[in-house]
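If you're matching them up, the sequences are chains P and D in order. Residue numbers for the first sequence, in our numbering: 646 to 816. Residue numbers for the second sequence, in our numbering: 453 to 704.
Fair warning: there could be bad hints in the mix.
EDC-like mimics (lysine to aspartate or glutamate), calculated; alpha carbons at most 16 Å apart, straight line [as the list claims (entries may be wrong)]: (1) K618/D to D671/P; (2) K610/D to E782/P; (3) K610/D to D671/P.
Which residues of chain D face chain P? A few of them, derived with a C-beta cut under 7 Å, are [unchecked claim]: (4) S543; (5) T544; (6) R546; (7) Y549; (8) G613; (9) R677.
Partial selection, computed: residues in chain D whose CB lies under 10 Å from chain P [stated by the list, open to error]: (10) Q592; (11) F614; (12) N633; (13) S635.
No lab work stands behind these hints: they were computed from the structure. Don't be surprised by glycine CBs; every beta carbon is placed ideally from N, CA and C.
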Amino acid sequence: MRNIITYILLFLLFFCLQVFIFNRLDLGFGAQIFLLPLFLMLLPFDTNVFILMSVGFLLGISVDAFSNTAGLNASSLVLFAFIRPILFETFKPRDGYDPLKIPTASDMGWDWFIIVFGILFTLTLIWYFILEILRLEEFLLILRNVVMTLIASGIVIAVSQFFFFNQRRKK
Amino acid sequence: MLYVQFVAYPKSVYLSTASGINGSVQRWEGNLTSHFNLEQNNRALRVENAQLRKRVFSNFYQRNRATVSIKDTVYDQQYSYIPAKIIHASSTLRNNYFTIDVGSIQGIKKNMGVISPNGVVGIIFKVGAHFSLVKSVLTQDINLDVFIGKTGPRGILKWDGFSSRKGIVTGVSSDIPVKKNKSIYTLGASGIFPKGIKIGTVIDKKRVEDQALWEIEVLFSEDYRTLQSVYVVNALLIKELQQLQLEIPEEQ
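Using the sequences and the hints, build the whole thing.
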């Protein structure tokens, strides 16, 4: 399950989903579905931060090339990858992380997932929209986009936790 | 220098959909997804076709049969149109750029205008060999010059990023009455667009704080989320116009 081919396939899946489906959706009211951080979240606990940031950059820049936003996704994902080990250290269980588990809701529990991923995702989205809009006078627009995207993407990501990453429980 | 150019997104050709590889993938994807809005787009094109058909030469009765071979000296052609297809577009970003499937091979140049059957799309921003990027109306500093109603006041069209269906016209003095449901047209002062292309209708207005100006909310007549067929405007007389405007003396 956790070999490198699975992650390469997941990388391609996330790339295709984001570029060909979610980037083309216009939900209105500033809501977008931003799925890429979930891929970085799913990488194993002991992944080196430099590998994490490189993978984030690679995924981000490939999506950027297909949506005319050079560097926007890439920098957001690098930021996500940079903060992830810090937050993982902060919210470590008493006995440390089980090396057999991966950071999903079904493995780590919903409380842990929502808190850790929620903080990471919110920070990423704030960075994303500040960088995209880049005007302080449009603060209201940034705020609205962050909140709406957080809600819309949050729903999709929560559903994905039920559907795709629950195999371990069924055994 | 190179780095600065790279950062000013989306100026670099290689990391944008105007480049060859990405452009081809986008064209493939555009071919696939363009069928989803086919019905709607066909209807818009049919309506436009019907209107254009009225103006076709063969539909006019010729009063003076002797003038048939005489070169038209009354009307010079000022604009010609290059049809194009949008192969990639976004409407959720703060600055939305559309990729179209014509490039320098078809004679596209930077700063040409782009229009659609129901409105104005934007201005050519970057040109590749086979593809071009259009800076759409849905960008921060598009600043198109427009006028309201048939002979109404002039203003500047902007986009505030909140909804892809609504824009804002500023720069209209608040002592001029502006009525709801009046249409907004291009002014064509810069010579990029023909005058009088409809952009949208007035749906709301409010006063700008501390200034004697209206802020007019406009409902775009074109739905940029489903747009596919566009025309690039080739302004044939624009060089002359720009030359003339350079002659305006700069007085301090």
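Hints versus structure:
Between K618/D and D671/P the alpha-carbon distance is near 14 Å, which keeps this suggested pair within the 16 Å criterion. Between K610/D and E782/P, the direct Cα distance comes to roughly 15 Å. Compliance with the 16 Å bound is thereby established for this hinted pair. The hinted pair formed by K610/D and D671/P fails the criterion: a straight-line CA distance of about 20 Å is larger than 16 Å. Checking S543/D against chain P: minimum C-beta separation of about 5 Å stays under 7 Å; hint holds.
Proximity of T544/D to chain P holds as hinted, the smallest CB-CB distance being about 5 Å (cut-off 7 Å). Look at R546/D: its Cβ gets to within about 5 Å of chain P, closer than 7 Å, so that hint holds up. Restraint check, Y549/D versus chain P: the minimum CB separation of about 5 Å is within 7 Å; hint holds. The closest approach between the C-beta of G613/D and any C-beta of chain P is roughly 5 Å, which is under the 7 Å cut-off, so the hint is satisfied.
The restraint placing R677/D at the interface with chain P holds, with a minimum CB-CB distance near 5 Å, inside the 7 Å limit. The restraint placing Q592/D at the interface with chain P holds, with a minimum CB-CB distance near 8 Å, inside the 10 Å limit. Below 10 Å, beta-carbon pairs count as interface contacts, and F614/D has one with chain P at about 6 Å; its hint therefore holds. Evaluation of the N633/D hint against chain P yields a violated restraint, the C-beta minimum of about 23 Å exceeding 10 Å.
At about 24 Å, the closest approach between the beta carbon of S635/D and any beta carbon in chain P exceeds 10 Å, and the interface hint on this residue is violated.
Hints 3, 12, 13 from the list above are not met by this structure, while the remaining hints are.
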